[in-house]
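*Asks:* Could you build the full structure based on these sequences and the hints that come with them?
Protein chains: 6
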Amino acid sequence: MRIRVINPNTTAAMTALIGESARLVAAPGTIVDAVNPAMGPASIESHYDEALSVPGLLAEIAKGEAEGVDGYVIACFGDPGLDAARELARGPVIGIAEAAMQSASHLGRRFSVVTTLARTAGRAWELAERYGMERFCANVHACEIPVLELEDPKARRVIADACREAVAADGSDAVVLGCAGMADLCEFLTDEVGVPVVDGVAAATLTVQSLVTMKLRKSGRGEFAAPLPKTYVGLLADFGIENKEAQA
Amino acid sequence: MRIRVINPNTTAAMTALIGESARLVAAPGTIVDAVNPAMGPASIESHYDEALSVPGLLAEIAKGEAEGVDGYVIACFGDPGLDAARELARGPVIGIAEAAMQSASHLGRRFSVVTTLARTAGRAWELAERYGMERFCANVHACEIPVLELEDPKARRVIADACREAVAADGSDAVVLGCAGMADLCEFLTDEVGVPVVDGVAAATLTVQSLVTMKLRKSGRGEFAAPLPKTYVGLLADFGIENKEAQA
Amino acid sequence: MRIRVINPNTTAAMTALIGESARLVAAPGTIVDAVNPAMGPASIESHYDEALSVPGLLAEIAKGEAEGVDGYVIACFGDPGLDAARELARGPVIGIAEAAMQSASHLGRRFSVVTTLARTAGRAWELAERYGMERFCANVHACEIPVLELEDPKARRVIADACREAVAADGSDAVVLGCAGMADLCEFLTDEVGVPVVDGVAAATLTVQSLVTMKLRKSGRGEFAAPLPKTYVGLLADFGIENKEAQA
Amino acid sequence: MRIRVINPNTTAAMTALIGESARLVAAPGTIVDAVNPAMGPASIESHYDEALSVPGLLAEIAKGEAEGVDGYVIACFGDPGLDAARELARGPVIGIAEAAMQSASHLGRRFSVVTTLARTAGRAWELAERYGMERFCANVHACEIPVLELEDPKARRVIADACREAVAADGSDAVVLGCAGMADLCEFLTDEVGVPVVDGVAAATLTVQSLVTMKLRKSGRGEFAAPLPKTYVGLLADFGIENKEAQA
Amino acid sequence: MRIRVINPNTTAAMTALIGESARLVAAPGTIVDAVNPAMGPASIESHYDEALSVPGLLAEIAKGEAEGVDGYVIACFGDPGLDAARELARGPVIGIAEAAMQSASHLGRRFSVVTTLARTAGRAWELAERYGMERFCANVHACEIPVLELEDPKARRVIADACREAVAADGSDAVVLGCAGMADLCEFLTDEVGVPVVDGVAAATLTVQSLVTMKLRKSGRGEFAAPLPKTYVGLLADFGIENKEAQA
Amino acid sequence: MRIRVINPNTTAAMTALIGESARLVAAPGTIVDAVNPAMGPASIESHYDEALSVPGLLAEIAKGEAEGVDGYVIACFGDPGLDAARELARGPVIGIAEAAMQSASHLGRRFSVVTTLARTAGRAWELAERYGMERFCANVHACEIPVLELEDPKARRVIADACREAVAADGSDAVVLGCAGMADLCEFLTDEVGVPVVDGVAAATLTVQSLVTMKLRKSGRGEFAAPLPKTYVGLLADFGIENKEAQA
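Chains as they are written, first to last, in full-length UniProt numbering: chain A, 1 to 248; chain B, 1 to 248; chain C, 1 to 248; chain D, 1 to 248; chain E, 1 to 248; chain F, 1 to 248.
Bear in mind the hints are in silico, worked out from the structure with no lab data behind them. Treat the hints loosely; a few may be bogus.
Copies of one chain are not kept apart here, so a pair can be met inside one copy or by any two copies together.
Said to hold, decoys possible - Listed next, the in silico EDC-like pairs over lysine to aspartate or glutamate satisfying Cα-Cα at most 16 Å (straight line): (1) Lys215 <-> Asp184; (2) Lys154 <-> Asp33; (3) Lys215 <-> Asp191; (4) Lys215 <-> Glu187.
*Replies:* Written out as structure tokens, the structure reads:
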């Protein structure tokens, strides 16, 4: 089984970190690739960044389909492009917010999300609602560390404090990490905070692996059928071509 | 006051039709431009098409900001890129699904949506929820006419039948047209169906006009503040540059 | 086009203020009358007051219908008598809570309501739910200034403070003013608070104007059809007569 | 203990029928009066009628307060004036829709409402939501018999058929009768339909009796405190006076 | 009429206290028994305790059915075994959380629940949702006194403080007591706290009495029909037999 | 890693079938035991059966804890005893309804549930709500085959028809099987119905495996902490003892 974990931003160091976190939990027979798009923003911290990460992400899905990949993880907590990716792929596509929230829903009554910048909290709530996880989400907290500074040695301390304060304020049973760039802090934070801390990269990788094991993939008709063949022009002219391939 | 109506697909004939519908309702002092992106799909009938219409749409917003446009309409019933556009623009940005549903909410207890292809119904429901309009939406019905065939003379008859059946099945008080390409059918359909029929292009143009008249625009901080300056690479490298301008 | 703005309380000074706020935003061709009922309470600060403002309000609607008025604004934040008025009127009737909340929903993720007395907050929440705006409403705050003391020069300072505290506590993107008597403070408060402040009188006037422009009015059948002819007795005997006229 | 059952319309025959239904279930020590207002509509079949029934209803509450009545039933399925009445009364005030739906919620997973005219169904849904009973309400069905024709001997057959069809269509466990004028049909319908049929007049009378027995009445502060003293003018000038008395 | 109040824990002193509270409010003709199971936990303070209280509770229902009991109260705020009991009994079965929350919903806009241990708050929220009472529930507060220490003379002071703080924090109109063991404190607390305080034992007893008076009982078919005859083995082998009797 | 799959009914043949389905999907290093309780009903088709299956289920969890089991599946679509089991177990406990619905939520917009008897549909809806999956659940359909007759060769045809009709009626993207006894039909039904069919036994086994792999288990405090030590009497006296062990 081959799972492709797509970091939707264009920062290779973060892609490497994400790949490691995914491989740590994958079963022996599962091959995990980590890739990032050739176009788009260096980090995703706004609706604008998110929207512009999607074409590159979809190009990676199209490439994966050509290579026979079995399933995909979208490794950004905004789960950008999830629906479009599901139309394009034959196998499962799972976002890390989706998988992390579902995993945390098994650990108690409610979880707190700890994310990077406060301006992304609205999106996290939107996803919680979409996945039916709003009832499990006590609140969304920001540590105000930009995505590309998460690897700074001081960051982990700030994040641990944010997690502890979130759990105390919310009376929650678990923490969901609100950024793929925090994936490697999961064990450290679990020890520091005293409640389970969920990393979406691991959770999504295992969700894809489970769905592929059960041979579960979208039906070929309806809302998530392959996109209709159609002319694309300008910078995105090539996307029309990928589209026709996906149909074949 | 200058309002820009953006047709997010790349079909110029549809842009012209949309512009006419918007100008029909605008107040004397309001200048309405209708434009479409230089890149992207010829029509939008899937999540994939929608996602790929957004970069071109955002480029039009950025251009509008440079030209001092006061507000924008996104003239596709999926309201693609709405949040990203709101970050980028100083004035209001309104989607036609948003405006049409809100207008219809004043006309009775519930409305029916009549859209093009059934595969887009899920997105319509998603938007209804997001705008708080789910409680007013009786159901979403498809007439199964592709967007680019709406101008076929036979289409208006099929759509009228779909509207009539929708109202009968739902016991609804109004119809919301689920595609910008139906904007010119509004009056014909109102006569045929016997309940008010709402076109989102007109509704959104008037909503923007009202917000600009009231001098209401997003606050400069928080979730919808201008996107952070950031490097963009590959095909989308230019979007980093637009971004910095939006900040200035 | 003729729009009638009805202040449902019987205080003429407040009616004048409301009329001015409405006229400030109306388009050149739109005539705006401001009226108040001949019977009922001097101000509306309870469910009791609200219920007893409705007969007078309905009498004004009936009079407007006889005079060919195109649409109505109900200028009290409890939106009293809205459904009854919609049955009676041929054109649109819009409440200021309804319009203000819808307008604010375009300005960010959530708004705060700042109202007069805390005892009216429950009604504001009820309306937010009814209009589908609950998800946009962060909280309802009271400044504890009675309606008829809003024009006191000290009031505007207290209200500005309440708005600022509301925005800080809620992390909201906009403020909705919870009383028609605050309509003239809108610009002052926007400057003071630093986020957009929405006045429902202006918003409702423009919503009515937009609906009339689009020729959108309730369908003639179903829940909002004209009330059935019926005998009314006692003090309200005349209301049976108005009723028959509405049917004609 | 003295309970006053108020029929909010002005038809004495219906008041008598309602009084009998209430007295049938009251405990030995409970005195039940049935009254109707001196002003307002002969029957309530629209939002307009409902709004105009409220002043007369409130006058009855004020009279009851002067006479030391312990609690009140509002015997119309629209529960008109409920919040205003609660401000005015010291003891409990219960609407028949409220009580009937709560009683039916104990009898199975979902109930069907069978009401008079279809145009009142929207109000029934609104009340179901308000009371938290929406989740128990399978659907609202109309038998299209006007309120004042319910006593026609043919009506009971039509209503029985409507109940049976409602239960079959909804797969529901109980029926809630949607009009006080159906109170005397309860036993007949239970036999005919084969599921429990709930009459709100009986249910509300017993709910008031229970609350009075438990000495439960609203707190004297907050939203439901007595209305503030205030000038009322015109036809309703007397209502200002009643108001002051309620405060004393 | 004979009502059986079942204390689902096995502590006889608490059963006696509960019986007294129920008898205080029952009508003259109503006989109230208070019983507790012969097996299960001494107090209920976890999901585990609750689950294990149910077999003994169901045995009491089966016994009551054999003796012709008309209706039952489940006197533990987790309302354990309610659905199963409803299948088994011919007459109404009401939980004290269910009845207390419904009663409190008539007293204002929102109530606060004050319960024993914080670990039971999740269950209280779950029940609030199930009964449609979530919208009336401002919050659930714990006084952290174990069930079997509620009779300690110091407990009533701690509980009074918790109620007062709950009302202040929530701005609520009433308090719902979150444990049958607090039933005797109801009057004392109402005086102390200044808002109505609702005891579920009294409320549920009166709800059962009302339903029996109205001859309302579940329909004999569907989800709450008698359980199907079926083999039970091991410690619970006898429950198969009770089952068959219930069918007869 | 050792996962215990508990069939909560006492029918050994069904336990064997369930064990096979679980082992089919488990990773190489995962040991799967399938067990059933020593007491309780032969099949679970009512709230009564469900409630009485729980003590035996909890005894199996206690035994598993003593043996060092890493996680548990509750293999009945009512997910009986889930919360109590979570208190008792140190590792994850997952119900098959929970896991099946979550898995199906990734496959499209909505799924249909196809269950055994119609009387269990209410419970399925209740669980859908609890897990946040209500928004994904189009409807619950019954094939009216009792649990213990699912292995009849004719049953699979009836179930296939029910699935096909459910998908057609609901326009759904997937089917969730509403009984552990259907686990072996999953592949057959996927072929027959043309949309993915989800078996909860497989889904729950993989969810437990994933959570154990991520080292995610409930926090030791709060609602799901081990049950408090406490006296249990009568037939269930031994459960007090198990309790103390769980604490150690």
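*Asks:* For each hint, tell me whether it holds in the structure or not.
*Replies:* Results for each hint:
1. Lys215 <-> Asp184: between (30 Å within a copy, 14 Å between copies)
2. Lys154 <-> Asp33: Answer is neither: 29 Å inside a copy and 46 Å across each miss the 16 Å cutoff.
3. Lys215 <-> Asp191: between (36 Å within a copy, 12 Å between copies)
4. Lys215 <-> Glu187: Close across copies (9 Å), not inside one copy (31 Å); limit 16 Å.
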